[in-house]
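Engineer: Next come the chains, spelled out residue by residue.
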Amino acid sequence: MRLEPIANPSTLRQLGLPALAIAATMGVATLLALIAGADPFATLGQIATGALGSRLAILETLNRATPLIFTGLAVAVAFRAKLWNIGAEAQLYAGAIIAVLLGTGALGSPFVLPVSALAAMLAGALVLLGPVLLKTRLGVDEVVTTLLINFIMLLFVSYLLEGPMKDPMGMGWPKSPALIPEARLPRIVEGLRLHWGFGLALIAAALVWVIQTRTTLGYEIRAVGQNPAAARFAGIPVNVVLLKTALLSGGLAALAGWSEVAGLKGHLSQDLSPGFGYTGIIVAMLALLHPLGVVVSALFVAGIFVGSDAMSRAAGVPTYIADMLLATALLFMVLAILLTKFRMVRG
Amino acid sequence: MTDIIDILISASFWAAVIRIATPLIFATMGELICERAGVLNLGIEGIMVIGAFTGWMAVYQGMPLWGGVATAMGAGMLFGLLHSTLTVPFGLSQHVVGLGVTLLATATASFAYRLMLPEVTSPPKIEPFQPLDLPVLSDLPFLGEAIFQQTALTWAAFAVAGLTAFTLYRTPLGLALRAAGENPAAVEAQGLSVTALRMGAVMVGSGLMAVGGAFLTLSAFSSFFFEMVNGRGWVCVALVVFGAWKPGKALLGAILFAGFDALQIRLQQTDLGAVLPYQLFLAAPYILSILALILMSRRAEVPAALMLPYNKGER
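Going down the list, the protein sequences come from chains A and B. Residue numbers 1 to 347, in this note's numbering, belong to the letters of the first sequence in order. Residue numbers 1 to 315, in this note's numbering, belong to the letters of the second sequence in order.
Chain A on its own, in the form it takes in the complex (with noise of 0.2 Å):
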């Protein structure tokens, strides 16, 4: 059994084996429901009511897609370049850190929001540029010292969030003062929990899509990954379109934290993202990598989450449903791509 290329994929494979995909997914949510004990029809009902049934639980999904958006947009364009970011929660708490560091007082109306959003996302690219520096510079596998940077930084949020920067009125809690009312993100209805955090996450896309498709850099990216010994040759800088794709993805990532942060929570604590890094590569893979995809995909799975949660309050399934529908999905999407550019034949 080989591989072999298809010259012309036609589109009922290109749409048509990512929709079979996502369809196993579903199909997998059904047995998984059934081993629970639990009515599937009902269960994969209530994800969907609990996603998107009043609302109230689309602005949670709304609001829970923001910070994916963010980290599905930095994964998107780090792999556009083969450059595996697996490090996008650190960059994320970088983000964080900073919306708490300027946001408490520092700075004031009406240039902290700005400022703070800019000085995030440089401080999310920092996060990136020591791993890309050392693939660069010494052939340094990225994966894994973007991995063990997240743990790095965790530890130090912790430290921060113990020492230098925590709320003298927070009860003994780990967490950082809250921000001055002039560095949160205003709510989009007044009232409601949506932030703006969500505005910027689709201006974000909107930008990163612009980025690919109409300037020199993103078609840069694209050379570099496709095939860099061949975009070396034809004379592009590979080293430096590598640099430049992880300040922008660091940059993505790092707001993603501080949107968190400014938008929603107001202050910093330790469990500000439950993986919200990890999940941007899902989300990334599933919108193949294409920016506005982002969003759809984001939304997806914001509101897989969202759902899970009040399904498994009413139908007794674990909420880690959740997390298996969505490495399962990530497992056959690669699959699905794959094939709508191979077929296998015997031999």
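Among the hints, erroneous ones may be present.
As the list claims (entries may be wrong) - Not the full set, but computed from the structure, chain B residues with beta-carbon under 10 Å of chain A:
#, residue
1, L86
2, W234
3, L267
Claimed, not checked - Take a look, some chain B residues computed to stay more than 12 Å from chain A by CB distance:
#, residue
4, F13
5, A16
6, G74
7, F129
8, G162
9, P172
What the hints contain is simulated information worked out from the structure, not anything from laboratory work. We put the CB at the ideal spot given by N, CA and C, even for glycine.
Starting from the known structure of chain A, arrange chain B on it as the hints suggest.
Structural biologist: Relative to the frame of chain A, chain B by itself:
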């Protein structure tokens, strides 16, 4: 400084080093076997979690301890089969598939745990492996406590390291495996199947990773926690690089690494621990792993075909 010397001459320190090294040895050998055959297995972190969970759950359900080890091994091999099916015949990105397998395995462990023990707040304990009482050796002064009072799984880890080295360098199978990671076309020319060799290596390697995880629940902690593997898998990926893809050096690396880990735990209780934040000590293993990667990057002896999918008839 005297603190450090006091620690280094205590038998309990060396016993801890060997104990901490055990899961690392299993998982590092597992990863090394995969990579020597040409497959980077980033499912390692999740496979260790699933090994820790299934081994513990099997024993909690009434299996003997070795039954737990076998169950963990089987579960690990199952995820190895998934990983290798996607990466070897299909040739999908080993990075993405590995991360997917890690996510799936971790989620499966969490899901199954909640399903099987829905109401439990603190995980139930099992009766873990006991240190072997070796005649004469265990009673030796210092050495007895430092080395010879370990559980059977620790001895198994060292045996696995020896067996890995022997198989890779002294058997035709080892030669074929190494060739699959260096020059798969040559393997195919010999009439051997690169696909079979690589898939087999990933399955066996994943089984070993899972046993490494099972050591945590069946020997070290006697119950299962969600965060118990906590990056050890990624550290093992770094250890393979540190060991330059050689079993002996990787074993040494694992022990060295465990030594630093055991040292930092003890340093936390000294004057140094009062001055420095404890998080710095906890971060030390990860920082060390990155340093190891940097140190070893200069003399890379990477298997030439690592991460390159092999498609029959293509060069």
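Engineer: Now tell me if each hint is right for this structure.
Structural biologist: A quick look at each hint next to the structure:
no., hint, in the structure
1, L86, "holds, 6 Å"
2, W234, "holds, 5 Å"
3, L267, "violated, 16 Å"
4, F13, "holds, 23 Å"
5, A16, "holds, 21 Å"
6, G74, "holds, 19 Å"
7, F129, "holds, 28 Å"
8, G162, "holds, 26 Å"
9, P172, "holds, 25 Å"
When held up to the earlier numbered hints, the structure conflicts with hint 3 and nothing else.
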